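Visitor: In the order they appear, the protein sequences are chains L and Z.
To get the working numbering, take the position in the first sequence, counting from 1, and add 17.
To get the working numbering, take the position in the second sequence, counting from 1, and add 1.
The hints are simulated quantities; they were obtained by calculation from the structure and are not laboratory data.
Among these hints, one or two may not hold up.
Below, computed lysine-lysine pairings styled on DSS-like, alpha-carbon distance capped at 27 Å [to be verified]: (1) K221(L) to K271(L); (2) K124(L) to K260(Z); (3) K107(Z) to K178(Z); (4) K49(L) to K260(Z); (5) K217(Z) to K108(Z); (6) K172(Z) to K217(Z).
These numbers were taken from a predicted model, which means no experiment stands behind them.
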Amino acid sequence: MADKKSDVVTSAGSAVSRPDRLQNPGFEPEHKRVHDESPERARGAERGISLLFALSGILSASAFALNFIFPIVPGDLMSTRYNNMFVGLAIAAGLLCLGVGAVHWAKALMHGHELVEERHGTRGGDATRARAVEIFQEANKESGWTRRRLLRNSLIGAFVALPIPAVALFRDLAPAGTPEEKLSHTIWEKGVRLTRDPNGVPIKASDVTIGSAFHVMPENLLEVEEGFLDEKAKAAVLLMRLPLDALNETEDRKSWSYDGIVAYSKICTHVGCPVALYEQQTHNLLCPCHQSQFDVSNQCAVIFGPAARPLPQLPITVDSEGYLVAQSDFLEPVGPSYWERER
Amino acid sequence: MSRTLNRKGRRHPLSSLVLILVGLFVSGAAYAAVTGTATAADAPVSATQIEDGKKLFASNCASCHGLSAAGSAAGPSLIGSGALSVEFQVGSGRMPMSGSGPQAEKKPVQFTQPEIDAMAAWVASLAPGPGVPEASSLTGGDPSNGAQLFRVNCAMCHNVAGAGGALTEGKWAPHLKNIDPVHVYAAMVTGPQNMPVFSDMNITAEEKNDIIAYLKFLDENPSVGGMDLGSLGPVSEGLFVWIFALGGLVAITIWLSAKSN
Chain L
18 MADKKSDVVT
28 SAGSAVSRPD
38 RLQNPGFEPE
48 HKRVHDESPE
58 RARGAERGIS
68 LLFALSGILS
78 ASAFALNFIF
88 PIVPGDLMST
98 RYNNMFVGLA
108 IAAGLLCLGV
118 GAVHWAKALM
128 HGHELVEERH
138 GTRGGDATRA
148 RAVEIFQEAN
158 KESGWTRRRL
168 LRNSLIGAFV
178 ALPIPAVALF
188 RDLAPAGTPE
198 EKLSHTIWEK
208 GVRLTRDPNG
218 VPIKASDVTI
228 GSAFHVMPEN
238 LLEVEEGFLD
248 EKAKAAVLLM
258 RLPLDALNET
268 EDRKSWSYDG
278 IVAYSKICTH
288 VGCPVALYEQ
298 QTHNLLCPCH
308 QSQFDVSNQC
318 AVIFGPAARP
328 LPQLPITVDS
338 EGYLVAQSDF
348 LEPVGPSYWE
358 RER
Chain Z
2 MSRTLNRKGR
12 RHPLSSLVLI
22 LVGLFVSGAA
32 YAAVTGTATA
42 ADAPVSATQI
52 EDGKKLFASN
62 CASCHGLSAA
72 GSAAGPSLIG
82 SGALSVEFQV
92 GSGRMPMSGS
102 GPQAEKKPVQ
112 FTQPEIDAMA
122 AWVASLAPGP
132 GVPEASSLTG
142 GDPSNGAQLF
152 RVNCAMCHNV
162 AGAGGALTEG
172 KWAPHLKNID
182 PVHVYAAMVT
192 GPQNMPVFSD
202 MNITAEEKND
212 IIAYLKFLDE
222 NPSVGGMDLG
232 SLGPVSEGLF
242 VWIFALGGLV
252 AITIWLSAKS
262 N
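This is chain L alone, in the form it adopts within the complex (with noise of 0.2 Å):
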């Protein structure tokens, strides 16, 4: 130990090698399995493993008669909880005991050696890596790749050729336009009435009463036929009524609203959750997703949470029969930040 300890190197700013650095204990001296030693025992683990196995068999059985037992009766919709359980957890009874049963024979009885297997290194022999050489070697010369220089070259060149469509084929996956067009507009546009979600009823200035909040979507929602539910999604609105003291509004928006009734985008700026849970006497909406808090009586402003920016306001007044009309589109992209959005 002496000796070792004189061959630390200990200059200034070398790292130090300790000498009693962990050593590779070994392997551990193979002990020999209770089975192994007591044939009594082996025979009595024996008994539980086909013990396990018969129990398998039957569970399984048992699963088959179970779905005649507990069968799933039409319109009954406690018959059809009774049979799923029942019939779920026989099989998987009967698995567990399968594999129980197999592993515990595996531990206990199987050939219990411990052995050691060492990895070979990955190089070649000497010999077979000069015959791979003289292999292409050979093949170069029979085929004449480096000596016919042309029909090399050319050979090349139609194989760079060959993926130059799919880069067309690939490119004409995507979406036709722009993704930030698709993100920046909704079906909402100039005149188009508020109506209830789902039945499309439009809604009168008249019957949103102080207090209410009404799930709103664009009347021309109904003529879309292809992508129903994607401009559903980005069109959604919340409308509520605020008493006209509790509202303020900037100068610039004072025209968005109508007798204290707001309309505003229900897709969080966070990541796109619908921010519906609106209470009437704080006046805060709040996202069910991530806890993000919207003051409405100040423009939708963030109070609380990961929301990026207010809830896009859709400017709204009222048409010559009374209905709640939109005066265009949201003026800003509804939903989350994206790559090309500014802020």
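We have chain L; now place chain Z onto it with these hints.
Guide: Below, chain Z alone, put in the same frame as chain L:
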């Protein structure tokens, strides 16, 4: 042992309030019995009922809502809130509140139905407001349409299975299991506390019946998928999976890799 511990323990902070309420109730009831006006419970609104309601209101509610129900710093004005609001707030045990807090909690109902009706009659006599519907008119809805309306209008706060959910700053949307249909109707019409109002122009009376039918369906039909773990979604389901499913997997893994002895 636990009984003696309980006896030694501090009295519940609300016990004195409850005691006062019980005292007020007993004296009020005795007074009503002596003056002989408590019999006309089932009759439509009568002058004596209104008078009774006024007295009950003055002794139980006026400290916050004011003697004339015009409200104070502690409680809102009840003028124009109608009999339905009183039925909901008092009949569900939310009022009288046990203390100030983010939200009035449901407690055991503090008054008998005739007393609630009396207070409702008095509040309704102050200014017109929504009245209490007959329970029989709130039946026969279409649960399927009700489920669709519930998903659009109610599920974001009350959970799609009516299990309730959290709101901001200590408030919450209560669960809707086994709720009296009159109270479900009242909540939609009056918009109690922070719940928005869903007037008949938003959800028609017929549609309200559909929603009530859907809630009744949920009460009568347990989850088809087996144990619903409170229908609370990833919270309870995740907890179950983390503890039991992952725990079971860890136990099996340990058993698999352990050497047989």
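Visitor: State the violated hints by number, sorted upward, taking the hints as numbered earlier in the document.
Guide: none
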